[in-house]
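The task is simple: from the sequences and hints, build the whole structure.
If you read the protein sequences in the order shown, they are chains U and G. According to my numbering, the first sequence holds residues 128 to 240 in order. According to my numbering, the second sequence holds residues 503 to 615 in order.
To be clear, the hints were calculated from the coordinates, so they are not data collected in a lab. Glycine included, every Cβ here is placed at the ideal spot set by N, Cα and C. Check each hint, because a few of them may be wrong.
[Unchecked claim] One side only, chain G facing chain U, incomplete, derived with CB under 8 angstroms: (1) Phe537; (2) Gln546; (3) Met547; (4) Leu549; (5) Arg552; (6) Lys580; (7) Phe593; (8) Ala602; (9) Leu603; (10) Phe605; (11) Gly606; (12) Lys607; (13) Gly608.
[What the hints assert, rightly or not] Here are the simulated distance ranges between beta carbons: (14) U:Ser156 - G:Lys572: 27 to 37 angstroms; (15) U:Pro196 - G:Thr520: 40 to 50 angstroms; (16) G:Gln559 - U:Asp224: 19 to 29 angstroms; (17) G:Lys607 - U:Ser184: 21 to 31 angstroms.
[Claimed, not checked] Counterexamples of contact, computed for chain U against chain G with all Cβ distances above 12 angstroms: (18) Ser144; (19) Thr155; (20) Glu186; (21) Ile202.
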Amino acid sequence: SQTIHQWPATLVQPVGSPLSLECTVEGTSNPNLYWYRQAAGRGLQLLFYSVGIGQISSEVPQNLSASRPQDRQFILSSKKLLLSDSGFYLCAWSRPDSGNTIYFGEGSWLTVV
Amino acid sequence: AQTVTQSQPEMSVQEAETVTLSCTYDTSENNYYLFWYKQPPSRQMILVIRQEAYKQQNATENRFSVNFQKAAKSFSLKISDSQLGDTAMYFCAFRQAGTALIFGKGTTLSVSS
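Following this line, the structure appears as structure tokens:
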């Protein structure tokens with residue numbers, strides 16, 4: 128069966144510090160991968176999605192970037208965090224066929240102080 | 503652009519009763535998919551039910567069922583025999599073939615004894 132893991136689960140970082148959230152998927156090949164952010168009391172906003180290694184699409188211009196160095200690894204990064212980057216970040220995956228269900232990881236809480 | 507609207511920020515229901523959560527969406531496409539996700543206090547996003555737009559029959563999963571009205575672009579979720587464990591935020595989501603999920607802002611459901 129397929130599993131998705133992301134880490135760290137909780138992170139407290141000062142303004143201006145770098146960020147790296149990692150996500151890996153097991154049990155499938157060539158998945159579509161996604162990063163979503165959920166601000167407090169709000170819905171989910173798609174940040175990035177990837178259909179293959181090195182292929183990243185950005186949905187919202189911002190202080191963050193994403194990379195996919197391996198088929199089942201997706202990394203969310205920032206060089207300098209802002210207070211507004213605080214939130215709950217969710218990695219997700221789906222099979223490459225269109226319309227398939229998107230499955231989510233456990234999420235990472237980021238607090239920028 | 504596609505949009506998803508959940509007009510009920512909060513709902514409450516007593517155990518064993520039935521509750522319906524509303525969702526409307528806007529798209530000009532004919533081939534798409536609709537989902538309801540549950541987000542309990544743990545914050546993990548859990549798939550509740552899925553509906554393909556080309557299917558006329560409403561999807562059901564145990565106590566959960568949908569009322570899919572394609573012409574009206576409506577996709578409501580009915581929870582029967584509500585249980586305390588159903589307490590969560592519920593998100594309606596739309597996915598056009600080959601794209602990422604677009605979420606509504608969510609409905610917080612509280613089930614009381």
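We went through each hint and held it up to the structure:
Checking G:Phe537 against chain U: minimum C-beta separation of about 7 angstroms stays under 8 angstroms; hint holds. The restraint placing G:Gln546 at the interface with chain U holds, with a minimum CB-CB distance near 6 angstroms, inside the 8 angstroms limit. Of the supplied interface hints, the one on G:Met547 holds, with its beta-carbon coming within about 4 angstroms of a beta-carbon of chain U, less than 8 angstroms. Checking G:Leu549 against chain U by beta carbon gives a least distance of about 6 angstroms; that is within 8 angstroms, so the hint holds.
At a threshold of 8 angstroms, the smallest CB-CB gap from G:Arg552 to chain U is about 6 angstroms, leaving the interface hint in force. The interface hint given for G:Lys580 is broken, as the beta carbon of that residue sits about 20 angstroms from the closest beta carbon of chain U, more than 8 angstroms. With its C-beta approaching chain U no nearer than about 7 angstroms, G:Phe593 sits inside the 8 angstroms limit, and its interface hint holds. Annotation: interface hint on G:Ala602 holds; nearest CB of chain U at approximately 5 angstroms, less than 8 angstroms.
At about 5 angstroms, the closest approach between the beta carbon of G:Leu603 and any beta carbon in chain U falls short of 8 angstroms, and the interface hint on this residue holds. Interface restraint check for G:Phe605: the shortest CB-CB distance to chain U comes to about 4 angstroms, inside 8 angstroms, so the restraint holds. For G:Gly606, the suggested interface contact is upheld, since its CB lies about 6 angstroms from the closest CB of chain U, less than 8 angstroms. Interface hint at G:Lys607: satisfied, since its Cβ lies 4 angstroms from the closest Cβ of chain U, which is below the 8 angstroms cut-off.
About 5 angstroms separates the beta-carbon of G:Gly608 from the nearest beta-carbon of chain U, less than 8 angstroms, and the hint is met. A beta carbon spacing of about 34 angstroms between U:Ser156 and G:Lys572 agrees with the range 27 to 37 angstroms that was offered as a hint. Roughly 48 angstroms separates the CB atoms of U:Pro196 and G:Thr520, a value that falls within the hinted 40 to 50 angstroms. Taken as a hint, the range 19 to 29 angstroms holds for the pair G:Gln559 and U:Asp224, whose Cβ atoms sit roughly 21 angstroms apart.
At roughly 23 angstroms, the beta-carbon separation of G:Lys607 and U:Ser184 lies within the given 21 to 31 angstroms, and the hint holds. The claim that U:Ser144 lies off the interface holds: its Cβ sits roughly 23 angstroms from the closest Cβ of chain G, which is beyond the 12 angstroms cut-off. No beta-carbon of chain G comes within 12 angstroms of the beta-carbon of U:Thr155; the shortest separation is about 16 angstroms. The Cβ of U:Glu186 does not lie farther than 12 angstroms from every Cβ of chain G; its closest approach is about 8 angstroms, which violates its non-interface assignment.
Even its closest Cβ contact with chain G, about 18 angstroms, leaves U:Ile202 beyond 12 angstroms, as expected for a residue assigned away from the interface.
Of the numbered hints listed earlier, those contradicted by the structure are 6 and 20.
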